[in-house]
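Quick one: dock chain against chain with the hints and give me the complex.
Residue numbers (our numbering), protein chains in the order written: chain S, 1 to 93; chain V, 1001 to 1418.
Read the hints as simulated data drawn from the structure, not as lab findings. A couple of the hints might just be wrong.
Said to hold, decoys possible - Result set (DMTMM-like, lysine to aspartate or glutamate): computed pairs, CA atoms no more than 20 Å apart in a straight line:
#: 1; chain 1: S; residue 1: Lys21; chain 2: S; residue 2: Glu11
#: 2; chain 1: V; residue 1: Lys1275; chain 2: V; residue 2: Glu1304
#: 3; chain 1: S; residue 1: Lys68; chain 2: V; residue 2: Asp1044
#: 4; chain 1: V; residue 1: Lys1275; chain 2: V; residue 2: Asp1336
#: 5; chain 1: V; residue 1: Lys1303; chain 2: V; residue 2: Asp1336
#: 6; chain 1: V; residue 1: Lys1372; chain 2: V; residue 2: Glu1393
#: 7; chain 1: V; residue 1: Lys1169; chain 2: V; residue 2: Glu1148
#: 8; chain 1: S; residue 1: Lys68; chain 2: V; residue 2: Asp1038
#: 9; chain 1: S; residue 1: Lys10; chain 2: S; residue 2: Asp22
#: 10; chain 1: S; residue 1: Lys68; chain 2: V; residue 2: Glu1047
#: 11; chain 1: V; residue 1: Lys1274; chain 2: V; residue 2: Asp1336
#: 12; chain 1: V; residue 1: Lys1169; chain 2: V; residue 2: Asp1143
#: 13; chain 1: V; residue 1: Lys1221; chain 2: V; residue 2: Asp1255
#: 14; chain 1: V; residue 1: Lys1064; chain 2: S; residue 2: Glu48
#: 15; chain 1: V; residue 1: Lys1059; chain 2: V; residue 2: Glu1023
#: 16; chain 1: V; residue 1: Lys1064; chain 2: V; residue 2: Asp1038
#: 17; chain 1: S; residue 1: Lys81; chain 2: V; residue 2: Glu1023
#: 18; chain 1: S; residue 1: Lys59; chain 2: V; residue 2: Glu1023
#: 19; chain 1: V; residue 1: Lys1219; chain 2: V; residue 2: Asp1203
#: 20; chain 1: V; residue 1: Lys1073; chain 2: S; residue 2: Glu71
#: 21; chain 1: S; residue 1: Lys81; chain 2: V; residue 2: Glu1047
#: 22; chain 1: V; residue 1: Lys1329; chain 2: V; residue 2: Asp1288
#: 23; chain 1: V; residue 1: Lys1066; chain 2: S; residue 2: Glu48
#: 24; chain 1: V; residue 1: Lys1202; chain 2: V; residue 2: Glu1393
#: 25; chain 1: V; residue 1: Lys1166; chain 2: V; residue 2: Asp1143
#: 26; chain 1: V; residue 1: Lys1063; chain 2: V; residue 2: Glu1047
#: 27; chain 1: V; residue 1: Lys1344; chain 2: V; residue 2: Asp1266
#: 28; chain 1: S; residue 1: Lys81; chain 2: V; residue 2: Asp1038
#: 29; chain 1: V; residue 1: Lys1360; chain 2: V; residue 2: Glu1393
#: 30; chain 1: V; residue 1: Lys1138; chain 2: V; residue 2: Glu1148
The model shown is predicted, which means the values in this text are computed figures rather than measured ones.
Below are the chains, spelled out letter by letter.
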Amino acid sequence: MGKVNFGKIKEDLVESLELPKDLMYGAVLVSITGQQEVLIENYRGILEYTNNHISLQTKTCRLTIQGKQLEISYYTNQEMKITGEIKQIIYEN
Amino acid sequence: MFLSLIKFFHGFLRIQLSGYSPERFLNLCSNHNILIWDLTNHGDGYEFNISIHGYRQLKPLLKKTKTRLKIVKKTGLPFFLYRYRKRKIFFVGIPVCFMLLMYLTTFIWLIDINGNSLITDSTILTYLEEQGASFGTKKKVIDCEQLEESLRTEYPDIIWASVRLKGSKMTIDLQENLITGETDTSKQTAKPEGAYDIVAEKDAIISSIVTRRGTPNVKTKSKVKSGDILVSSRLDIYNDSNEITSHVYVTADADIFGQTVYTYQDAFPLQYTKKVKNGTQNSIYSLDIFSYQIRLPSAYKKKEPFISYTESRQLAIAKDYYVPVTLEKTTYYACDYQKVTLSKDDAKAKAQENISLFLKKLQEKGIQITDKNVMIDFKDSKCCINARITVIEKIGRYRPAEIQNISTDERQNENESD
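Same shape as in the complex, but just chain V (with noise of 0.2 Å):
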C-alpha cells in the first residue's frame, strides 16, 4: 500500500519490449538497478513497468540489444499534473484549501468539559459565550489563566478550574465541591448583620436549646407555637445591684431542637384499569428546525390505548457543538386495558412502600423521626393510610428584631416598679 503510492507520486510507465535480444535487455537492466516490477511475457514480446527515471537510462540499453520499446499506459502523479496543465483554478485551489485550513485552525471549534456533575455542560458553555470564548472565537482572544479564575469567582461550586487549548480544542476541566451538604448547612447558619431574634418555624415541643448568643426565652420541654421568639436578640445589660441599666441588639445565635409532629395521609382505590403493553410499537421520527417541526411519513394510525415515549437529540457538527436541529423520535406502544384487584396483603405493602418513601425523604432532610404511628384502614374499596410521625428537627429562624427604644422615663419606672 506504502509502496504503491509512492509509486504513483514518482509515476511509472508500462512498457512494451520486443526485438532481438530480450532476456539480455532484462539482465543488463538489473545489472545497471533499475527497477522493473510486474514482469509478463506475451508470446512475442514482455510487458513491464518501469520508473520514470529508470525510463530515462534505458537508451543505451535500446541500442545494446536491438531492442524497441512501446509505451502502453502512464500512470502517475507526474504525468496527472502535465494532463491537467492548463486549469489553473484547479492548482490556485490546491494551495488555497491548504491555508484555509491552517487559517481555520487558530479558531476554537470543539469545547469539551470534563468533572462537572452539578453545573451542567449548557450553563458552562453559555458563560462561556458571555465571555467570548465560544465556538468559532480566535484562539489568540482567549486567556486561559483568566478564565479559569473568572470560573472559579462566578461558580462558588467550582473549586479548581483548568482551561486548556490544543489544536481547534478547547479542553475544561473542573473539580466541583461535592460536598454540597456542608455548603447548604453553612448557607443557612450563615449570620445575618445586625439584630436577628431566632423564632420558631412551627408548632414545637423544645427538645434541646443551646444559645450562644442573645437570651433565651425559651426552656427544654417547653411548648411553643410557629412565629414564637425563642432567643431575642436583645441582651439587657444589668448592674451590680442587679437592675436594668441598658440594652444592646446582637444577632441571636443558637441551636434549637423541637419535637414536632407530621402527619401523612394517603389513600388508593383497590380496584383500577392498568394498561398493559401488548408487544406491538411503532415510531415516528420528526425534525425540529428552529421552531418548525417536519413530521416524517409513516403509516402508523394513532389509535388508543397506548404509551408514547419521545426521544430527543440534538445534531451536532462535532461533540459540543450543537446545530439548532433536533431529531424527535416518539415510539407508541400499543396497549390493552387490563383491570387489577389488590388484595389486602398487596395493598399493605404498597402503602408500607409508599410511607417508608415519605420517612426516607425527611431523613434526608436531615430530620430525626423518633416516633410513628401507622394506620392502614380499608373503606369503600379504597385503601387508607394515616399516620403520625413524631421527629426531632431543627426549629430556629432569623427574624429581623423589633428594637424597641425605651425612654429613660419608662426605664425610670421599670426601675421604680422593680
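Chain S extracted, bound-state conformation (with noise of 0.2 Å):
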C-alpha cells in the first residue's frame, strides 16, 4: 500500500454523511441579493478596502469583490455585509 490520501478520506467522508461542507472545509459562503449587497461568512480578515474594491482573505482562497460605492454595512468576526453597487466576485487562489 502507498501512501494513504487525507485529503481524499475526509471528501469521501464528508460526502457520504452529508456534512456541511463550510464547516467542515472551512469554506467561504457568499450570498448575493441582487447587485447591491453581498453577505459574507466564513473569512479571515480583510486584505484591502477602497471604494471600488474589496479583497477578503478566507481559508483556502482569496476573495475580490469589485464595483462602485461600496461601504462595509457593519463587519463582525463571523460575517460582513457590503453594500453597493456589485460588478464581480473574483476568486483568486
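Have a look at this one:
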C-alpha cells in the first residue's frame, strides 16, 4: 500500500455523511442579494478596502469584490455585509 | 429600527481613521470582537461608527498598527445628557412627569357602559355622579360591588350589573329586562291595597268577564257607560235563609273585555306644493361653548325655499368624557316649489296607508280589531276618510270604593222589606 490520501478520505466522508461543507472545509459562504448586497461568512480578514474593490482572505482562497461605492454596513468576526453596486466577484487561489 | 434605538441609547461615535495600515487595524477590531459598522472609504482614510464601549478598547490596537483616530461626530443619549447636564430642571422634570403620570392613573378617566338599550348612557352617568363615582374620582374610593347593587336597586329594569376597574377605565356591563311588556302589565294589574271597584273606562258592550274577587254588576253582552261599576268591591254575606247579615269590602279583581268603537277621521288636500331639493347644498358650522354660540364665517346666504338639517356633536377628550363644547353643522339644501296633484288612486293608497298605520298603533297596544268600516270620499279637491273600527279591549280601571256604612236599623228595614 502506498501513501494514504487523507484529503480524499475526508472528502468521501463529508460526501457520504452529508456534513455541511462550510464547517468541514472552512469554505467561504457568499450570499448575494440582487446587485446591491453581499453577505460573506467564514472569512479571515480584510486585505484591502477601497471604494471600488474589497479583497478578503478566507481559509482556502482570496475573494475580491469589485464594484462602485462599496460600503461595509457592518463586520464582525463571523460575517460582513457589503452594500453598493457590485460588478464582479473573483476567487483567486 | 429597534437596533438603531439600542444604538442611540448606548451612544456611538463616527470616527475617521488614517495611518500606516488601516486594514490591519480593522482585522484586529474584528478579532477583538469590537463591532464596527457603516465603514466607508474616503480616498486616503476610512470612516466608521463604533460604540463607546468599543472605542475605549481601541488604544492598544492603535499603538500596534500606528494609525490615528479623529472623532467626527458623537451621537446618542450619553452625549445628549452630558451636553445638557447643567439644565437641572429638565432632569428633575423627567421623573416628575412619570410620577405625575402614575398619580393620574389612580383616577377614573373613562367610563364605558355596555348593554343598556332602554336606559341612556347619560342617565347612568348622572346617577354615577350622584354616587360619587364619575370622571376624575379616585379609584380607591369606588366600591364596585356596592355600586353594582345600588344600580340594580335604583333601576328595576336592570337585572344584572357588573362594574370593573381596569387602568383608568371603569367598565359597566348591564343586562336589562327586555320583556318590558310583561313588566308593564304587571304594573297595571298590580292590585292596590284596600277597597277598590273596577269601573268601565269607556262606553262598551261587555264581551267577556271573569271575576276573581268582588261582586260582578254586569253580564256578557250588557251595555256599559264610562264610569259604570263593573265589579263592585262590596261582598255581601248571606245567612242560611238568604238574608244579608253583613258585608266586607275587598279589592275587586277581574278580567273584563268589552267591545268598543273607535272613530277615525282624516283629510288631506289632493293638490299641494312640495319642496324639492335642486341639488345645491351649503353647510354652516358653529361652536356652542356653554351657552354662547360662535358662528364660523361662511359665504353662504340663506335663500328661501330651503330644507335644513342640523347635526350636533359634543366634543369629548376621551370616549364618554365630554367637555361642554358642541360642534354644530347645519346643511342647507336649496329647493324649488313643485305642485303635486294626486290622482284618485294615489289618494286612496295614501288614505289606506294612513289608516293601516292607525290600526297598527292600536294593535301594538294589545287591542284586538274585530271589524272596520272605512269610507273614502272626495270633496272640494280634498280626500276625506271616515272609519269606524270595532275592537275588543280591556276596559276595567280601579277606583276607590265608596264605603257605605249601613246602620243596623237600615239593615233591619232592608231585611223587613225583603
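ask   = Honestly, which of those hints from before does the structure not fit?
value = 16
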